Amino acid sequence: MASSSVFLLMVSGQIETAEFPEYDNIYCRYCFTHGPDWLITSGLEEGITQITKKSRDERQMFVWNFPLDVTFKSTNCYGWPQIVVHAYGLDSFGTDVVRGYGVTHVPITPGRHTIRVPMFVPESSSLLQKVTSWFLGRRPEYVDPRVVAQGEGREVTRVKSQGFLTISFNVLMKDMKKLGYDIQPSDVLNPIMPENVGMATTGMSEA
Amino acid sequence: MAEVHVIGQIVGASGFPDHSLFCKWGINTGGAWKILAGLREGQTQVDNPQNHEAAFFGHPIDIHFATKGIQGWPRIHFQVWHQDQFGRNELYGYGFCHIPTSPGTHEIDCPTWRPTGSFMETVSQHFLGGGPQLKNPDLIYSGADRYRLHTIAMGKVHLRLGVILRNFDKFGIEC
Chain A
1 MASSSVFLLM VSGQIETAEF PEYDNIYCRY CFTHGPDWLI TSGLEEGITQ
51 ITKKSRDERQ MFVWNFPLDV TFKSTNCYGW PQIVVHAYGL DSFGTDVVRG
101 YGVTHVPITP GRHTIRVPMF VPESSSLLQK VTSWFLGRRP EYVDPRVVAQ
151 GEGREVTRVK SQGFLTISFN VLMKDMKKLG YDIQPSDVLN PIMPENVGMA
201 TTGMSEA
Chain B
1001 MAEVHVIGQI VGASGFPDHS LFCKWGINTG GAWKILAGLR EGQTQVDNPQ
1051 NHEAAFFGHP IDIHFATKGI QGWPRIHFQV WHQDQFGRNE LYGYGFCHIP
1101 TSPGTHEIDC PTWRPTGSFM ETVSQHFLGG GPQLKNPDLI YSGADRYRLH
1151 TIAMGKVHLR LGVILRNFDK FGIEC
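In the order they appear, the protein sequences are chains A and B. With the first letter of the first sequence counted as 1, position 4 gets the number 4 in our numbering; the numbers rise by one all the way through. Quick note, our numbering runs 1000 ahead of the 1-based positions in the second sequence.
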């Protein structure tokens, strides 16, 4: 019974490039977050890229070319997966400093999508913390990077946006239409309608 | 009942006189609509961009609606505020847009406006800050009592919204 109301979302793609004009030697971590009804059936939920220098030309671009490949299953579109990326760089003392957090939803339509994610770092909340963080060389960070994927409690944070990260996605779904979901517009002449549309939700025809 | 999922992001805002911005948003629907899960309103973080012409929020939106009718299709409204270096907030713009009715991903630029006062008020706002605000924020998304209101153009709010519809074709709605 459970299997009849499940749909699959397959996501592949890559963390392609980044632009951080002021920094060098950057690596990136990613993790997927999703709602309570979602499960990862295959692939890695978290990962970490190599450390890259920016190109020594006018593009000043960081290239990771880092693969993403994960499959989700769910019964409910609410809590659609998001990818949280956080980039770190080595400062002149060789310590890890956060260079940006970013978040975007996995695209909801099948096909290839390239998304340019703006990256931001949190700011110190008081002048005293600003001064001590400058002396200690430690920037403010989020304890759990997944907070950037939540809509609640953001009004208390002040951030500074710096740089972008480019992610490409290839998305495929299974059984969305069977469960009555429309993810692409249909036109009146060519409606997308397999015979068993809505069967899973009427509950009368089966069971 | 038919269902609508709105999944996306308030990406950012651009075209405002200064870029240290945050945004309050909310969703307004007709009476037939019910929110099953997700936040109906919120406030983004304050972004003070380093070297860009735009502020970025990356504020996630994920709402699950159920509806008995298509009248009163949901719309999202914004108040863009500017925060200065002392933490004082000043209104920069109001705006709203409808949630798209077709399923798929949509990039939306929502234009905003702000009320202007008389000439003397404009002069004092230039030197002191502040400025007129709407007493009744319902005016942001209603067209009923807008006449006699003097406004001026402000920047745009950028959204990336994905819309998923469920069981609309079962009720004969062509989407």
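To be clear, the hints were calculated from the coordinates, so they are not data collected in a lab. Here the structure is a predicted model, which is why all the values come from computation and not from measurement. Wrong hints could be hidden among the right ones.
Footprint (simulated), chain B over chain A, 3 or more residues, beta carbon under 8 Å [to be verified]:
| hint | segment |
| --- | --- |
| 1 | 115 to 126 |
| 2 | 152 to 158 |
Subject to a maximum C-alpha distance of 27 Å in a straight line, what follows is the list of computed DSSO-like cross-link-like pairs (lysine-lysine) [as the list claims (entries may be wrong)]:
| hint | chain 1 | residue 1 | chain 2 | residue 2 |
| --- | --- | --- | --- | --- |
| 3 | B | LYS1170 | B | LYS1068 |
| 4 | A | LYS160 | B | LYS1156 |
| 5 | B | LYS1170 | B | LYS1135 |
| 6 | A | LYS177 | B | LYS1135 |
| 7 | B | LYS1135 | A | LYS174 |
| 8 | A | LYS160 | A | LYS73 |
| 9 | A | LYS178 | A | LYS130 |
| 10 | B | LYS1024 | B | LYS1034 |
| 11 | B | LYS1170 | A | LYS160 |
| 12 | A | LYS160 | A | LYS54 |
| 13 | B | LYS1135 | A | LYS178 |
| 14 | B | LYS1068 | B | LYS1156 |
| 15 | B | LYS1156 | B | LYS1135 |
| 16 | B | LYS1034 | A | LYS73 |
| 17 | A | LYS177 | B | LYS1034 |
| 18 | B | LYS1068 | A | LYS178 |
| 19 | A | LYS178 | A | LYS73 |
| 20 | A | LYS73 | B | LYS1156 |
Don't be surprised by glycine CBs; every beta carbon is placed ideally from N, CA and C.
Hints, verified against the model:
1. Restraint check on the segment 115 to 126 of chain A versus chain B: 4 residues with Cβ-Cβ distances below 8 Å, three needed, restraint holds.
2. With a threshold of 8 Å between beta carbons, the proposed coverage of the segment 152 to 158 of chain A by chain B holds, since 5 of its residues qualify and at least three are required.
3. Between LYS1170(B) and LYS1068(B) the alpha-carbon distance is near 13 Å, which keeps this suggested pair within the 27 Å criterion.
4. A hinted pair counts as satisfied when its Cα atoms are at most 27 Å apart, and LYS160(A) with LYS1156(B) qualifies at roughly 19 Å.
5. Restraint check: the Cα-Cα separation between LYS1170(B) and LYS1135(B) comes to about 43 Å, which exceeds 27 Å; the hinted pair is violated.
6. The hinted pair formed by LYS177(A) and LYS1135(B) fails the criterion: a straight-line CA distance of about 46 Å is larger than 27 Å.
7. As the CA atoms of LYS1135(B) and LYS174(A) are separated by approximately 49 Å, the hinted pair breaks the 27 Å bound.
8. Between LYS160(A) and LYS73(A) the CA atoms are separated by roughly 35 Å; this puts the pair beyond 27 Å, and the hint is violated.
9. Note on LYS178(A) and LYS130(A): the hinted pairing is violated, with a Cα-Cα distance of about 54 Å set against a maximum of 27 Å.
10. The suggested pairing of LYS1024(B) with LYS1034(B) holds, with an alpha-carbon distance near 21 Å, which does not exceed 27 Å.
11. Proximity of LYS1170(B) to LYS160(A) is assessed by CA-CA distance (about 47 Å); at most 27 Å being required, the pair is judged violated.
12. Restraint check for LYS160(A) and LYS54(A): satisfied, since their Cα atoms lie roughly 21 Å apart, inside the 27 Å limit.
13. At roughly 48 Å between alpha-carbon atoms, LYS1135(B) and LYS178(A) are farther apart than 27 Å, so this suggested pair is violated.
14. The straight-line distance between the Cα atoms of LYS1068(B) and LYS1156(B) is roughly 33 Å, outside the 27 Å bound, and the hint therefore fails.
15. As the CA atoms of LYS1156(B) and LYS1135(B) are separated by approximately 22 Å, the hinted pair is consistent with the 27 Å bound.
16. Proposed proximity of LYS1034(B) and LYS73(A) is supported: the alpha carbons are some 26 Å apart, at most 27 Å.
17. Of the supplied pair hints, the one linking LYS177(A) and LYS1034(B) holds, its CA atoms being roughly 23 Å apart against a limit of 27 Å.
18. For the hint linking LYS1068(B) to LYS178(A), the alpha-carbon distance of about 21 Å falls within 27 Å, and the restraint holds.
19. Taking the CA atoms of LYS178(A) and LYS73(A), the gap is about 14 Å. The hint holds against a cut of 27 Å.
20. Note on LYS73(A) and LYS1156(B): the hinted pairing is violated, with a Cα-Cα distance of about 36 Å set against a maximum of 27 Å.
Going down the numbered hints, you'll see the structure goes against 5, 6, 7, 8, 9, 11, 13, 14, 20, while the others check out.
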